[in-house]
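**Q** Given the coordinates of chain A, work out where chain B should sit on it, guided by the hints.
Number of protein chains: 2
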Amino acid sequence: MIYPREVKICEVVGRDGFQNEKGFIRTEDKIRIIDSLSETGVWKIEVTSFVSPKAVPQLRDAEEVMAALKRKDGVVYTCLVPNVKGAERALGCSVDELNVVISASGTHNLKNVGMQVEKSLENLKEIVSLSLQERVPVNGSVGTAFGCPFEGVVPRDRTLEMVERYLDMGVGSITLADTTGMANPVQVYGLLTEFKSRWPRVPVALHFHNTRGMGLANVLAGLQAGVDAYDSSLGGLGGCPFAPGATGNICTEDLVNMLHDMGVKTGVDLDMLIGVSLDLENIIGRTLPGQVIKAGKVTCLHRA
Amino acid sequence: MIYPREVKICEVVGRDGFQNEKGFIRTEDKIRIIDSLSETGVWKIEVTSFVSPKAVPQLRDAEEVMAALKRKDGVVYTCLVPNVKGAERALGCSVDELNVVISASGTHNLKNVGMQVEKSLENLKEIVSLSLQERVPVNGSVGTAFGCPFEGVVPRDRTLEMVERYLDMGVGSITLADTTGMANPVQVYGLLTEFKSRWPRVPVALHFHNTRGMGLANVLAGLQAGVDAYDSSLGGLGGCPFAPGATGNICTEDLVNMLHDMGVKTGVDLDMLIGVSLDLENIIGRTLPGQVIKAGKVTCLHRA
Numbered sequence: 001m002i003y004p005r006e007v008k009i010c011e012v013v014g015r016d017g018f019q020n021e022k023g024f025i026r027t028e029d030k031i032r033i034i035d036s037l038s039e040t041g042v043w044k045i046e047v048t049s050f051v052s053p054k055a056v057p058q059l060r061d062a063e064e065v066m067a068a069l070k071r072k073d074g075v076v077y078t079c080l081v082p083n084v085k086g087a088e089r090a091l092g093c094s095v096d097e098l099n100v101v102i103s104a105s106g107t108h109n110l111k112n113v114g115m116q117v118e119k120s121l122e123n124l125k126e127i128v129s130l131s132l133q134e135r136v137p138v139n140g141s142v143g144t145a146f147g148c149p150f151e152g153v154v155p156r157d158r159t160l161e162m163v164e165r166y167l168d169m170g171v172g173s174i175t176l177a178d179t180t181g182m183a184n185p186v187q188v189y190g191l192l193t194e195f196k197s198r199w200p201r202v203p204v205a206l207h208f209h210n211t212r213g214m215g216l217a218n219v220l221a222g223l224q225a226g227v228d229a230y231d232s233s234l235g236g237l238g239g240c241p242f243a244p245g246a247t248g249n250i251c252t253e254d255l256v257n258m259l260h261d262m263g264v265k266t267g268v269d270l271d272m273l274i275g276v277s278l279d280l281e282n283i284i285g286r287t288l289p290g291q292v293i294k295a296g297k298v299t300c301l302h303r304a
Numbered sequence: 001m002i003y004p005r006e007v008k009i010c011e012v013v014g015r016d017g018f019q020n021e022k023g024f025i026r027t028e029d030k031i032r033i034i035d036s037l038s039e040t041g042v043w044k045i046e047v048t049s050f051v052s053p054k055a056v057p058q059l060r061d062a063e064e065v066m067a068a069l070k071r072k073d074g075v076v077y078t079c080l081v082p083n084v085k086g087a088e089r090a091l092g093c094s095v096d097e098l099n100v101v102i103s104a105s106g107t108h109n110l111k112n113v114g115m116q117v118e119k120s121l122e123n124l125k126e127i128v129s130l131s132l133q134e135r136v137p138v139n140g141s142v143g144t145a146f147g148c149p150f151e152g153v154v155p156r157d158r159t160l161e162m163v164e165r166y167l168d169m170g171v172g173s174i175t176l177a178d179t180t181g182m183a184n185p186v187q188v189y190g191l192l193t194e195f196k197s198r199w200p201r202v203p204v205a206l207h208f209h210n211t212r213g214m215g216l217a218n219v220l221a222g223l224q225a226g227v228d229a230y231d232s233s234l235g236g237l238g239g240c241p242f243a244p245g246a247t248g249n250i251c252t253e254d255l256v257n258m259l260h261d262m263g264v265k266t267g268v269d270l271d272m273l274i275g276v277s278l279d280l281e282n283i284i285g286r287t288l289p290g291q292v293i294k295a296g297k298v299t300c301l302h303r304a
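Chains A and B, in that order, give the protein sequences.
With the first letter of the first sequence counted as 1, position 118 gets the number 118 in this note's numbering; the numbers rise by one all the way through.
With the first letter of the second sequence counted as 1, position 49 gets the number 49 in this note's numbering; the numbers rise by one all the way through.
Hints are computed from structural coordinates only; laboratory data are not their basis.
Because the structure is a prediction, the values reported are computed rather than measured.
A couple of the hints might just be wrong.
Given that identical chains are not distinguished, each listed pair holds provided it fits within a single copy or across any two copies.
Each computed DSSO-like pair below joins lysine-lysine, with the alpha-carbon atoms no more than 30 Å apart [stated by the list, open to error]: (1) Lys-54 x Lys-297; (2) Lys-70 x Lys-8; (3) Lys-70 x Lys-111; (4) Lys-72 x Lys-294; (5) Lys-265 x Lys-196; (6) Lys-119 x Lys-85; (7) Lys-196 x Lys-125; (8) Lys-8 x Lys-265; (9) Lys-111 x Lys-294; (10) Lys-22 x Lys-294; (11) Lys-297 x Lys-196; (12) Lys-72 x Lys-111; (13) Lys-54 x Lys-8; (14) Lys-85 x Lys-22; (15) Lys-70 x Lys-196; (16) Lys-54 x Lys-265; (17) Lys-111 x Lys-297; (18) Lys-111 x Lys-22; (19) Lys-85 x Lys-265; (20) Lys-125 x Lys-297.
Just chain A, same shape as in the assembly (with noise of 0.2 Å):
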């Protein structure tokens, strides 16, 4: 079983997790818990999204969140924008990272954003521009890569083609985000291989939810076709819109566990991590799908 031996963890709660509460979480708890989380040895987090405060009020602090955190040297500070008014106040708030959102398929983009592909695409090219001019790099990330609950299996050449989009307007990176857990491991290996192959030197993570089940095995088999970036999120905060009660993206701490099990770095203190959890849960007041923070490490031994 061939596989990276070190792993970068992207935390989206900030974004993915926030903004799937139906209630407005108090900024203050915002910020401490991205502060707690910058000290845990994540490699980037997704901080919040510079959407319109109507459209995604639980976010609508974004620019209090991204000026009273304590930034940490190393940490990658990344935020959602979703069109040129986003990303100037992004850079506003001076941003290490762009991140944008373009979905394979068709009909989920013109729900979530209201235009077609091809228009997001323009848009794109704007806000790319104006990114790369003040020297903030542009993450691209393709939405529904894998299924879309709408049209079903997103064609490999598809997605591929989305990349190839976003690498020629000059975007540095890649995610590859199942938006609704429609991902499977075989798919996942095949695509990200073909990805790989093509694109050897192209920065690539994975996004991945829970939603059936299969999330970890999807890291996995993503492990395998070489991919050493995975989004994730605190607690597996978040849901999904078309699956009422099922769980959304993976859960940090879960992800983490089983990365240290199988002795893959990720330079994150599990034990920290796992405070920074219960403290979340607390918060959100209701219990949270990760398994770790119930179970423990496999390390904490019980008495005979």
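**A** Quick look at chain B alone, frame taken from chain A:
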């Protein structure tokens, strides 16, 4: 990525699921669930355990369930037996197979059945000889085959030694059980590759728990080692006494769904299986850990 194209599912909700419930599941409900499962296309059903009614009152109706269920041609009805008395009771019910379990970890075996592993192996000889006299095959399960909540990681050689002892005694097939959800994919792949190389013709099944969220990742590793039989529990019913709040066995619908998405045949009608799981959820009266009962299959598309 190399893996078997056909996989056999052994459904263990009747034993591992029902015995972990605090309350007693009504006998008629148990029978209805088992009978419904018989129609779904699963390979084997672990119906119950012939354990002392004092030790496990949840399964005090073992004889009644075995007597009342409608046997479906081609389905193997197996039962767990902890001792000679249990074996006699099970054989009296014309089971198709006896399943025995001894923990690879001495401490766990002592806590679980109150005796040393050697003593358990001694007792097993009598069970096997009794069973083979009646032409009923015995499946030997190795409990805590990967890790023990008291002793930690179980060395590979210890588990393989248990297998050797079982085979010497006339046990016809083996199940390696990750009793408290401590296995990781690298360990699974390593142990099962070794198993397959030492005993290429011995049927082996894997029994995973999702205690730390990596149950299906472990299945993926088992598949890649060539293992084509897996235990799982309807709805993910079950639990772990060492991890309150954590999930227990991997969920049958989630397992079958992953396999089908990967193009692996199981012979199981997933829609029918989901129906049985929803029935079980009604019986149990709380939300089960399974994800596919919430999210649906990937092919269940939404209207745009």
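**Q** Against each hint, give a clear statement of whether it holds in the structure.
**A** Now the hints, each set against the structure:
1. Lys-54 x Lys-297: Answer is neither: 41 Å inside a copy and 33 Å across each miss the 30 Å cutoff.
2. Lys-70 x Lys-8: within (21 Å within a copy, 52 Å between copies)
3. Lys-70 x Lys-111: For Lys-70 and Lys-111, neither the intra-copy (36 Å) nor the inter-copy (49 Å) Cα distance is at most 30 Å.
4. Lys-72 x Lys-294: The answer is within: 29 Å in one copy meets 30 Å, while 39 Å across copies does not.
5. Lys-265 x Lys-196: both (21 Å within a copy, 29 Å between copies)
6. Lys-119 x Lys-85: within (16 Å within a copy, 73 Å between copies)
7. Lys-196 x Lys-125: within (24 Å within a copy, 54 Å between copies)
8. Lys-8 x Lys-265: Answer is within; shortest intra-copy Cα gap is 9 Å, inter-copy 35 Å.
9. Lys-111 x Lys-294: between (36 Å within a copy, 22 Å between copies)
10. Lys-22 x Lys-294: Both. Shortest intra-copy (24 Å) and inter-copy (19 Å) distances satisfy the 30 Å Cα cut-off.
11. Lys-297 x Lys-196: Answer is between; shortest inter-copy Cα gap is 29 Å, intra-copy 33 Å.
12. Lys-72 x Lys-111: neither (37 Å within a copy, 47 Å between copies)
13. Lys-54 x Lys-8: neither (33 Å within a copy, 51 Å between copies)
14. Lys-85 x Lys-22: Within one copy, since 25 Å is at most 30 Å while 56 Å is not.
15. Lys-70 x Lys-196: neither (35 Å within a copy, 52 Å between copies)
16. Lys-54 x Lys-265: neither (41 Å within a copy, 47 Å between copies)
17. Lys-111 x Lys-297: Intra 40 Å, inter 21 Å, cutoff 30 Å: inter-copy only.
18. Lys-111 x Lys-22: Within one copy only: 20 Å inside a chain, 45 Å across chains, cut-off 30 Å.
19. Lys-85 x Lys-265: neither (38 Å within a copy, 49 Å between copies)
20. Lys-125 x Lys-297: neither (45 Å within a copy, 36 Å between copies)
Of the numbered hints listed earlier, those contradicted by the structure are 1, 3, 12, 13, 15, 16, 19, 20.
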